[in-house]
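Chains A and B are the protein sequences, given in the same order. If you're matching positions, the first sequence starts at 1 in the numbering used here and goes up one per residue. If you're matching positions, the second sequence starts at 700 in the numbering used here and goes up one per residue.
The hints are simulated quantities; they were obtained by calculation from the structure and are not laboratory data. Even glycine gets a Cβ: it sits at the ideal position worked out from N, Cα and C. Every clue listed holds true.
Distance ranges between label pairs, derived from CB positions:
| # | chain 1 | residue 1 | chain 2 | residue 2 | range |
| --- | --- | --- | --- | --- | --- |
| 1 | A | 69 | B | 726 | 36 to 46 angstroms |
| 2 | B | 726 | A | 74 | 42 to 52 angstroms |
| 3 | B | 726 | A | 18 | 44 to 54 angstroms |
| 4 | B | 983 | A | 89 | 57 to 67 angstroms |
| 5 | B | 876 | A | 185 | 33 to 43 angstroms |
| 6 | A | 108 | B | 812 | 31 to 41 angstroms |
| 7 | A | 420 | B | 726 | 22 to 32 angstroms |
| 8 | B | 839 | A | 420 | 38 to 48 angstroms |
| 9 | B | 708 | A | 118 | 35 to 45 angstroms |
| 10 | B | 715 | A | 420 | 22 to 32 angstroms |
| 11 | A | 259 | B | 718 | 55 to 65 angstroms |
| 12 | B | 742 | A | 141 | 26 to 36 angstroms |
| 13 | B | 836 | A | 141 | 19 to 29 angstroms |
One-letter residues, chain by chain:
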Amino acid sequence: MSDDLFKLNIDGQEVEVPRSYTLMQACEEAGAEIPRFCYHERLSVAGNCRMCLVQWHGAPKPIASCAQTVGDMRMNPDGTPPNISTQGDYVEKARNGVMEFLLINHPLDCPICDQGGECDLQDQAVAYGRADSRYELNKRAVEDKNMGPLVKTIMTRCIQCTRCVRFAAEVAGVEEIGMISRGESAEITTYLEESLTSELSGNVIDLCPVGALTSKPYAFNARPWELRKTESVDVMDALGSNIRVDAKGDAVMRIMPVINEEVNEEWLSDKSRFIWDGLARQRLDQPYVRKDGKLTPANWGEAFEAARDALSAPADKIGFVAGDLIEVEQAKAALDLARALGVQNTDCRPAGATYGADGVRERYIFNPTLLGVEEADALLLIGTNPRKEAAVWNSRIRKAWLWNDLKVGVIGEAADLTYDYEHLGDGPDALKGLFNRDSEIAEALRNAEKPMIIVGEGVLAREDGEAILAAVHDYALEIQAIKDDWAGFGVLHTAAGRVGALDTGFVPGEGGASTATILGGGMDAIVLLGADEVDLSKTGNAKIIYVGSHGDAGASKADIVLPAAAYTEMAATYVNTEGRVQMTRRAVQPKGEAREGWAIFRALSDVVGKTLPYDSADDLRAALREANPVFAGLGYAPGSAGVEALKENISSSGAGVGSGAFTATIGDFYMTNPIARASKTMAECSLQKQGLETEMAAE
Amino acid sequence: MALRRFDLEAGGDSFAFKPETEPTIAFWLGKYPEDKKRSAVIPMLWLAQKDNEGWLSEPAMREVADRLEMPYIRVYEVATFYTMFRLQPVGKHHIQLCGTTPCMLRGANDLKEVCHKAIGKPMSVTDDGRLSWEEVECLGACANAPMVQINDYYYEDLTPESLTEILGKLQNGAEVKPGTFVDRLNSAPEGGATSLLEGDLYDGSRNAISALPNLPKDAPADPAPQATEAPKTAAPTNTKREDGKTTLIKDSKPAPKTQDKPETVEIAAGEEDDLKRIKGIGPVNEKALNELGVYKFSQIAAWTPANVDWVEDFMSFPGRIEREDWIAQAKTLATGDETDFSKRVDAGEVESSKDEGDE
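Same shape as in the complex, but just chain B (with noise of 0.2 angstroms):
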């Protein structure tokens, strides 16, 4: 961290809150005794801030501690403590770029080279008074690293093209709407959810218990669950004690049957189709659905029922074939039609449908 001080010149002579602000400014006050009132200080140098074009100048800060009545040394103090409070002139857009471990790890440092690049050295101002940058400690966006905050707002899951625009945008006086720059909805899994698939674990089949073994028995019992099917698997538990012995319950299912393997074919090399074309097979569940001998889409849209539940099993993931519906895919690709999904893959879009060797 470098020296931090007042930017005297740049701060002039006087500041004034701005008049709607003086509301905010009773309410922190109002929030504390007569006596107490520099308890206020903190948020009060924050609106300073605000007012001041987003950073904080010595006529702001005394204006501050002369509301508070407070020794000017004492206000000094917390403003020199808080990084948060610039003492020096920032752009009408000042970015805090975060360069802790998360982001740092996913390419922070190179969005650094952009700023540097777009802007100059942290703190420092463009020409044109629109943008700055400095580097923050970690804003708590770690799932949508790498991320800045401008202004008020994060903008997450930034590369360097999409921070050159966003920067572009800026200079140019156009709006940037804040949020993730990549597809998913918030910290969503880009491309949809990939864990968690199990329909029972939203149909409240796996909720065995029905009331609280421990309730009152006058006390009211919770309305029993609705299951709309009957539940595939026992209770989630894989013990079972009984005279002090531990036995693992087997699962009550019964094992799949070698007859359920679907056909596999062989074929020539270069004959295959892009599974991954289906939405719900990546690299990996490819390579391991070759390993089957399923090459296809033909192969898939011929499956039957008791095939599906075979492949799952092997597959280890209980459910998806039928709620990702790739036999229903299968079919129309195997047409030569495509779906929504095959579509952005073929455009290259969707990330994790490229084959590991394409980057």
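Isolated chain A (complex conformation) (with noise of 0.2 angstroms):
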């Protein structure tokens, strides 16, 4: 036997698992399945519910599985490794004494209890419950708790698991959940009930095995039984986190994570999983053109006559712009119909943005992966806040720098991570001199095995972007960030569709215009592809054709306004930040008349006499993978695989290097989109968070 392997009989079949494995872990590896509240894989052991119980034979007592580490048993005195039952009359009794007190105190209120149909608790109860119940004193009845917006509290389910006190502590890194008190008047609470900060709360409400923590806008919305899943991918940030969207009819009722290990481990941000009821509102769901100054129901027949017009004008004076949230396909068929007309001015990056011209895609992705974190021994943040920009990857980070001792510093804002980093300062005059410089974080920087540099869209988005991008990209040589098995340089997008359009090319062609000098007047016609972040305050006289899901900034400027699925309404492409090509899958139909996004300018192509070469998705997405091999590894992320085009320098077209701070990107984390903005419940936290910050500005 080797010396970190260890030899268990678990139900007489022999395993061996490493010494570091908890009892837990071994007899999963055996196959048995064990109980468990408390425990919970991503959190640490609290070992408090005591219904993981297995019998060692030879011990006095069961054994708490979860709490139980193999390398600290011992074996059976004749040598032999040691017996462990999942199963039989001992272990049966041990978890029914276990499940009668957990019912002593807990309601009998499933019929009305929304975390009826998938409650730990229920489901237990069924293997190790009884029929009744021999307890004949009051129940305790615990008041419930403001937990913010996003949770219900209905503490008298609570069971005491501690998962959501340490999630909160470990995972989210905000420290506001609690227990008070002791013995039977314990409470789970947050400080004085106030509302949870984190921007990953919503997951306390996956991690509660009973209905204690719920989800306040899904509250009395559905059963689980009755909800048709599907798994998807979430387009609130540019993580790609996957999603199953849980609908009834014709409405989204509710956003689940899906665990995927390289993206978002199993948690998801709070905009990603409580934007639903943005789905339903402020929809775009019949074609309008504006007549007499007023916008004005019409049919696609209509619609697509104006915008025939509009796209009548010389083709150097008409601008693609593509939005946050667009979709490759629908990127690949604008920019396919754009460059039909002769149309050069294509972009899909914000106003003065200047990278990804060049068509090197290592130099636009996050090349060192979201996992990467963990191996990485030494990060630099720039011009990028992670906790808002993306919020689960932050949480890596985190953990990183908890188990790992990752070292991190950050040029920019300097807000609060949730973890301690060194401040290297505001804007780019901190890359000056920062291989010598004489700093904790430069220090570790130059000396780490795995370096990782990320580059946010505050740099990007900046007219001397590039300039500092290159500069980046020469510190990190310097520093040997880029070696054969590690690409430790990239760019932490915001905007899910950032990548995808980059992909397609959707960048200004020979001679094009970019976002800036498109929307800044001077055009005759511009078409919107769901493009509401931008500035449309000096596009002039000319003609918008908004093509997107919801009534925002760009349709109310709009002059015809071609409504298009939401991401949750179609089967279509996006690329993470990584490079990462996933798939959404539709889980309810299109709003009204509302088409995808590619059918859309296929159908315009026709009106316009420049039809496109593909009638369904599969042809597109054929076409797609031509243009573009990276198409075609979906869920794939390069990773290093790319280091030798990252190796090569950098050549700054632009200006060069400017001064001046880094930008927050993102001001408002619930307000970043239009599906965002139509959310009341992403209303409801920003005011809160408005309020809180307020509160603290005054103090």
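Put the two chains together into one complex, using the hints given.
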């Protein structure tokens, strides 16, 4: 037997597991199922629910398998591996006892409980519960607590597993939930019932094994067995978190995370989770055409006629601007139409940004991969606030900081990121002489085996973004962040559609204008592909065609509105910030007359006489794969595969590195896109946050 | 245990440690490394409670959290876990009444009644802000049950009367000396010792072993105990192992002779003396003496040493008569004079000298 492996006899089956395993993990390795409430594989071990009891033959008492490290166990007296039973009368009796205690104070309100049907306690009570109760005294009742607009509490149901407490402290990094008092009076609460401030607070709902913490917006809406579950991809940030969209009829009822170890583990940010009511509000469900200064409903024919008229302007007076949530198919169709019309003015980047035009993919994706931060030993964040821009990844940084002793440095906004970091400066000036700088993090980066440098949108959206990117890249080469098996240089995007649009080549063509120029006046016609985050105040007399799902900034300014499907309503390709190609699936039908984006452009191309060469989404995707093979690799992040291209110096064509601090790209975490702005839940969160922030500023 | 929540209204907005507390804070913080200073949370909360008139307000708790750089919720957890951190205002004198079994058996429930009457509900404060009370679990002074703790001191062996008096004094601003409220020293028996009275326990005469058996030869031997008189009995052992047989060793002292039995008298009912006025004679001993035919002080005064030995043996308390000097007491009382002890008995102050039927 090797030193780091340990042999066990579990239910008569011999298994060999690492000594660091808990007995529960070993039992699962042997195929046994162990019931549990407090244990969670991504949280520290508490060992307080006692549901996971197993029998260790020879031990005087049942063993809580979650808290027993295998390496601490001893052999049988005759030297054979310890015998564990996960079944049988002994174990059953122990677990029945635990279950009876848990149920003493648990209310019998399953019929009105939102957890009903997906409740760990309910499920395990079926296996281990009694048919009746022997408890004749009054059950205890606990006051419900305020935890903010997202988490509803029915604290009488709480079984004090403390998963939420451990999640807040360990993963979310905001110590806001705790267990107060003791014994029978023990209660879970936030400090004086203040609202949770974490961007990940919704995850406590999934963690809660009973119905004590449930989703406030989803309360009493549906039962899990009535819901149609569709696995899909989130577009609220550029991480491409894997989600499951639960729908009933035509409405999305809730969004849950799906485990993807490489992307979101099993967490989901609050914006991604609670956005769904925005999918039913402010929707563009039919085409509109502006008549006499007012947007009036029209049919598709009329709208296309008007669009054809607008697009009959000279090609150099037409611009296409893609927004943050654009899917690859729409970008491809729109780009093909633009080029067919001879239009070179196409851009998918925020105004002023100049990166990505050279088509070298490695320079605009997140090469080290999201998972890579767990391998890295030093991390430098430049012009990004991952807590707001990529909340789920931020928890992974925190994990690495907590367990791997990751050193973090920040250039840019000095925000509370839930972990300690060294603040090197606010703007590009901090990059000068960074290599030789006498600071802990500079030295850590210099000596790191796997240093990681992440550039955020705060850098890229600047006029001098490319020059800074080049300077950072030089620094990355200097500290040897880019080697054969490690690409420690990458870009953290904030928009789900950006990388995909860049991969289709949605940048200005030969002599074409970029976003700032297109929107800066002088165009005759502008096509907005869900572009709402851009400044539309200087478009002059240009006719604006807006293709998108929500009535927001773009639609209100538009002359022609072509309603498109939202991300839950179509099978579409998105590429996350790592360059990982993922597909959404259609969970519900598009609203009203809305159509998938690519289909709109395919139909429009017919109207303007430049018919695009694909009749179905499959044809389109075949064309996509032909144009850019990256689209063939579904679910795959290139990581260090592109390290050769990354090794070349970036030559910055534009202005040199300027000065001035990097500004935060996301002001209000809850209001970053049209869907979020349509969501009441997000509006509540936003108000809550502002209330909190003003209160703190006043102190 | 009731729900424990901060009294936010009474807590106000601010709290500051008293300047004289700072050295103590520095002492506690000094015990832990800088990055582990949260270890000092309990003493710090305790100091905050001391500096905040005996209770922990929310601002006081926040001050502790800020000083220790802890999230508020973590300190809140500690403050609510330990019930000795009081989250509501208390009176100037906060009474913690022990209600655990020994105190309860000795009358804690009567004391609770007193508190209910004099102060009100638990954790309520009297209008003058002087008194408040709560029931607590065992305070570890069971030998002096029933008892209460008022602020930092124990008040023991209470009766409803003595507690009423204490509360009255405290309410009027008078000081009350802590400690026991009956005639005893600390936890010693009331009215003097009742056991371990044998003189030879203390004169070293029982200590027959003069050297430890396994001591190395060159080790300095313990100085031999200085016996002041010859041991009356053998070493305190009752078995002797020999050849695998166990034989009981008879007491070496010869059995008392019957002729040493003191003289008995026959008297008419009502003529007997109250023997309990002799220190050392309680109702039980009196009854035993009466059964022997001893009713009068004069009889005891006339005992010879042989009589004393006989009586001591009969009543199985060797040496006691001599030590408590019954004969001298009896001589005094027989003449009609009084002793200090008999005065107290006559005044009814000595509980153990009352007849069983008296209460």
